[in-house]
Amino acid sequence: MSLPPPAALVDVERGTVDRRIFWERELYERELERIFARCWLFVAHESQLPEPGSFLTTTMGEDNVIVARGRDGVIRAFLNSCPHRGNRVCHAERGTARGFVCNYHGWSFGLDGALRGMHESGAYERTPGFDPAEHGLLQVAQIDAYKGFVFATFDAEAPPLADYLGDFRWYLDILLDNDDGGTEFVGGCIRSVIACNWKVAAENFAGDALHAGWTHDSGARAMGGASVPTLDGQESYQVNVNGHCWEFNLDLVGNAATFGDKRVTKNLRVREQELAERLGPLRARMIGAISSATVFPNMSFLPGQQTFRTWQPKGPHHTQLDTWVLVNRSLSDELKEAYRKGVMMTFSPSGVFEMDDGENWEYSTRSNAGVVTRAQKLHYGLGLDSRIEHPELKGNVFRSQLNDANARAFYARWTQLLEADSWAQVNDR
Amino acid sequence: MTPAKQLARLCAADALAVGEMRRFELDGAPPIALYRLADGFHATADTCTHARASLTEGDLEGDEIVCPVHFGTFHVPSGRALCFPVTEDLHVYPVHLADGDVHVELS
Amino acid sequence: MGAGERPVSAELAAAERFLFLEARLLDAERYDEWLALLTDDVHYWVPGVENRNRTDAEGPFAPGRMAHFDDGWTDLQRRIVRFTSETAWSENPPTRHVHVVSNVEVEPAEREDELLVHSLTVVHRGRYEASDEALYGRREDVLRRVEGELRLARRRVILAHNVLPSKNLNTFL
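Residue numbers (the numbering used here), protein chains in the order written: chain A, 1 to 429; chain B, 1001 to 1107; chain C, 2001 to 2173.
Here chain A stands alone, though its shape is the one from the complex:
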């Protein structure tokens, strides 16, 4: 049976999703082409590339790339595949280098990706028409940063990063601009694999407050001695812009309290006045609140808890989770250490919260091996009537974080990108 078009797989009006979007390789390949090869993707935090020669390797979709700061101080990103025979050029995940040399034939590339020479280069110099300038590592089409977050896209026609993020920047400032010093990653990265479709994880952080009190009850008891507080009836919202999603309470410290470390929650309370003056009282109350967010397509974080991650697609049924800890640069060493330890204890493969997510996501994906199972629709109809106007909150606003509104917006954007032949056909929403 051939697949219906993407728009028929997601019904935003009725709130249903066709399970095949989590299973079919054909759709996955299309996602690689129309989402991962077109969208702005998170590739680095500026703090990971502190000086000329700093580099890291990462993936954009399934394309491996090198991200490097050149001698001129400029951060660039280019394919990590030699244009000669295709071998991976740089195997280290990060470090400092003068340049990158392919192990196969010694093709040597500068920090800017330009070809500088190769083994027995005389033979190439005698080859008519050989111009090294044509054989550098392929640059991404665009690279830009928003307050420390470096994004890149392979699509020259993608709108500027500022437009891609749109009004979601107003929300990102809660994370990235609540302090003069800006942010940095604490050292190191933890990587793991989950046998789920990448969207299952991305949508969870985009708008799934509902699961927190059930899935994570054991984690909450371990860290705080009590279950997750009831969310129903509290003032909370889901907001989304262009498929980027943030769902939140307004309790200031709910997420920050997951560590059970009073220094962390105290720091937020002490700063409450200053934060209200800087961001306004509403955003100030979002800073550490029970909340989660996803930047479309595959970058997520927990505000105030400070776990930060990307979901890298490794096939329709596999995802690699790369996770870091994001902190304000100006925090004391003691507080940075509290965040580092707190995030490891709660959200990592060994984290007492995250440990229960992986299985839910794996079996949500895996069950679709059955043809009858995957012919059933999934229910994404919570909060179908919850859209509201709000005087201050930007983007599309929905009352209550117990909602599928953000998930519906995420998949609406997904549909839009899969159906569009180019960015010209993609509208802001």
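Careful: at least some of the hints might be erroneous.
Stated by the list, open to error - For lysine to any residue, the following SDA-like pairs were computed, each having C-alpha atoms within a straight-line distance of at most 20 Å:
id: 1; chain 1: A; residue 1: Lys341; chain 2: C; residue 2: Ala2062
id: 2; chain 1: A; residue 1: Lys262; chain 2: C; residue 2: Gln2077
id: 3; chain 1: A; residue 1: Lys262; chain 2: C; residue 2: Gly2072
id: 4; chain 1: A; residue 1: Lys147; chain 2: A; residue 2: Arg283
id: 5; chain 1: A; residue 1: Lys266; chain 2: A; residue 2: Ala338
id: 6; chain 1: A; residue 1: Lys341; chain 2: C; residue 2: Asp2041
id: 7; chain 1: A; residue 1: Lys314; chain 2: C; residue 2: Glu2133
id: 8; chain 1: A; residue 1: Lys341; chain 2: C; residue 2: Gly2064
id: 9; chain 1: A; residue 1: Lys266; chain 2: A; residue 2: Glu337
id: 10; chain 1: A; residue 1: Lys341; chain 2: A; residue 2: Arg329
id: 11; chain 1: A; residue 1: Lys314; chain 2: C; residue 2: Asn2162
id: 12; chain 1: A; residue 1: Lys377; chain 2: A; residue 2: Asp11
Stated by the list, open to error - Some but not every residue of chain A turned toward chain B, in silico, with C-beta under 8 Å:
id: 13; residue: Arg98
id: 14; residue: Gly99
id: 15; residue: Val101
id: 16; residue: Ser108
id: 17; residue: Gly117
Hints in this document: simulated from the structure, not taken from any laboratory. Here the structure is a predicted model, which means the values were calculated and not measured. Glycine included, C-beta positions come from ideal geometry on N, C-alpha and C.
Given chain A's structure and the hints, the job is docking chains B and C onto it.
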């Protein structure tokens, strides 16, 4: 009677600070790299003996020059090749200072 | 003693007994008894392992960077609270743990009441009908004699994995 040395003037001695290097192209000679190390001026061939790279586009670290293409390293004062992939030493040009200028001896 | 037999030192025998008992307790999820094998000042460290070039002075792991475990006694106890919680859904049905310990070697430590113990760990977990993963690591432990019994005072496990081949780490290594 010794044959007259063929000297070529490169630049004024104060044109380079310690830790700097510069490439010079002279008629009838391959490109020359002039380095000002802590102990004074040194000069070698600028072209790496491994491939075709210009060493002055690389990194001068102390008294060692690192080629920008495959990062082969030479000892500047002696021209000695220090690590893979460079195996052939650099030609070294004797340097003479006269009247505030730097000259090299072309053989 | 017969031809080809070598005496096993008392320390090696004691270290092996300790590690094998520890493995058996972990296999059986007897976490309270496992915790009792640790000193109060225990440091339990399983750093994240990065792919770095050999010449990179920062190295593949270091204290203060991201880790799977970087725990004191209280941290370990918190994890056990979750393991034994009736709402730890992914622990029910239970995992079938197999902790293999091998290549045990003993050296004197700095303190007279301590031993430096090297070993390899291979942890295999079977979950439900399909999940089936093995984790490999090299361990460096400090065992300390406390009131005549050996206790674990320090553990460092360097995993063979840069990308953990598992969605979670629901055991100790």
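Against the structure, the hints come out as follows:
{"no.": "1", "hint": "A:Lys341 to C:Ala2062", "in the structure": "14 Å, holds"}
{"no.": "2", "hint": "A:Lys262 to C:Gln2077", "in the structure": "18 Å, holds"}
{"no.": "3", "hint": "A:Lys262 to C:Gly2072", "in the structure": "18 Å, holds"}
{"no.": "4", "hint": "A:Lys147 to A:Arg283", "in the structure": "17 Å, holds"}
{"no.": "5", "hint": "A:Lys266 to A:Ala338", "in the structure": "12 Å, holds"}
{"no.": "6", "hint": "A:Lys341 to C:Asp2041", "in the structure": "17 Å, holds"}
{"no.": "7", "hint": "A:Lys314 to C:Glu2133", "in the structure": "18 Å, holds"}
{"no.": "8", "hint": "A:Lys341 to C:Gly2064", "in the structure": "9 Å, holds"}
{"no.": "9", "hint": "A:Lys266 to A:Glu337", "in the structure": "15 Å, holds"}
{"no.": "10", "hint": "A:Lys341 to A:Arg329", "in the structure": "17 Å, holds"}
{"no.": "11", "hint": "A:Lys314 to C:Asn2162", "in the structure": "16 Å, holds"}
{"no.": "12", "hint": "A:Lys377 to A:Asp11", "in the structure": "10 Å, holds"}
{"no.": "13", "hint": "Arg98", "in the structure": "6 Å, holds"}
{"no.": "14", "hint": "Gly99", "in the structure": "7 Å, holds"}
{"no.": "15", "hint": "Val101", "in the structure": "6 Å, holds"}
{"no.": "16", "hint": "Ser108", "in the structure": "5 Å, holds"}
{"no.": "17", "hint": "Gly117", "in the structure": "4 Å, holds"}
The earlier numbered hints are all upheld by this structure, with none contradicted.
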